[in-house]
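> Chains as they are written, first to last, in this note's numbering: chain A, 1 to 104; chain B, 1 to 104.
Just so you know, these hints were derived from the structure itself, not from any lab.
Check each hint, because a few of them may be wrong.
Same chains, same names: a pair is fine if it fits in one copy or spans any two.
Result set (DMTMM-like, lysine to aspartate or glutamate): computed pairs, CA atoms no more than 25 angstroms apart in a straight line [claimed, not checked]:
| # | residue 1 | residue 2 |
| --- | --- | --- |
| 1 | Lys-85 | Asp-35 |
| 2 | Lys-85 | Glu-32 |
| 3 | Lys-66 | Glu-87 |
| 4 | Lys-8 | Glu-52 |
| 5 | Lys-66 | Glu-80 |
| 6 | Lys-17 | Asp-2 |
Protein chains: 2
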Amino acid sequence: MDADKIFKALGDPTRRKLLDLLYARNGQTLGELCDHLDMARQSVTQHIGLLEAANLVSTVWRGREKLHFINPVPLHEVYERWVRKFERQRLSLLHDLKKELEGE
Amino acid sequence: MDADKIFKALGDPTRRKLLDLLYARNGQTLGELCDHLDMARQSVTQHIGLLEAANLVSTVWRGREKLHFINPVPLHEVYERWVRKFERQRLSLLHDLKKELEGE
DNA sequence: TTGACATGCAGGCATTTACCTGCATATAAT
DNA sequence: ATTATATGCAGGTAAATGCCTGCATGTCAA
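Using the sequences and the hints given, assemble the complete structure.
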């Protein structure tokens, strides 16, 4: 997994909205996705390009139409590497802070 | 939670390394963190500023030293909103793709 | 076969980002 | 008191980013 591409792809509201749009209905065409976004088609294409590069979206051509599908695998990998790892610290944080404030 | 700040904060290798450094030993000072990074102190300060803005790192002053602590809460919120939501689609993706390739 | 439709490609511009250097401030140590 | 240490603040630059417009290509439909 390429954490850099994944997080950068997710670090933009338009691209997160694209994921939500595909979550609502998977397999939409570029044009359909554009209908929900207030920007030029080419800008949407660029955003989708980053989502594809991060492997968050896969596409299939059907005639002249390009269909878009969510790929949730990278999200899960992000979870394994960047969320789960840090979860065990959740409860200890306050404790650490207090210790430090008391001069340890 | 501010997804934008969180993902943008995570979308940089230096900042992810900072989180890993703090995971290895929580409560490090700025100087200690700088020792592991090959860039000017001020650059590290800026990176930490973004991590703080995303609430991924909390700091405490002890005299002239600034101590840094991971806050894993935003990561968990990211998981709830951006990973868990999409997990149920994991198995259905291939099915969707095949359906589309067959002309639905 | 001609026109309409869905998309790609190339390039241009303004903003943001990631880095730097130089100087200032506050705390600790001698 | 004076010096050393830890950090902040201000500003400058090059590269990356996000948006656009104009034109090209390939597919469907009349």
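> Take the hints in turn and mark each one as holding or not.
Checked hints:
1. Lys-85 - Asp-35: between (39 angstroms within a copy, 24 angstroms between copies)
2. Lys-85 - Glu-32: The answer is between: 22 angstroms across copies meets 25 angstroms, while 38 angstroms in one copy does not.
3. Lys-66 - Glu-87: between (39 angstroms within a copy, 24 angstroms between copies)
4. Lys-8 - Glu-52: For Lys-8 and Glu-52, both the intra-copy (12 angstroms) and inter-copy (18 angstroms) Cα distances are at most 25 angstroms.
5. Lys-66 - Glu-80: neither (31 angstroms within a copy, 30 angstroms between copies)
6. Lys-17 - Asp-2: Both: 21 angstroms inside a copy, 14 angstroms across copies.
In summary, the one numbered hint that this structure violates is 5.
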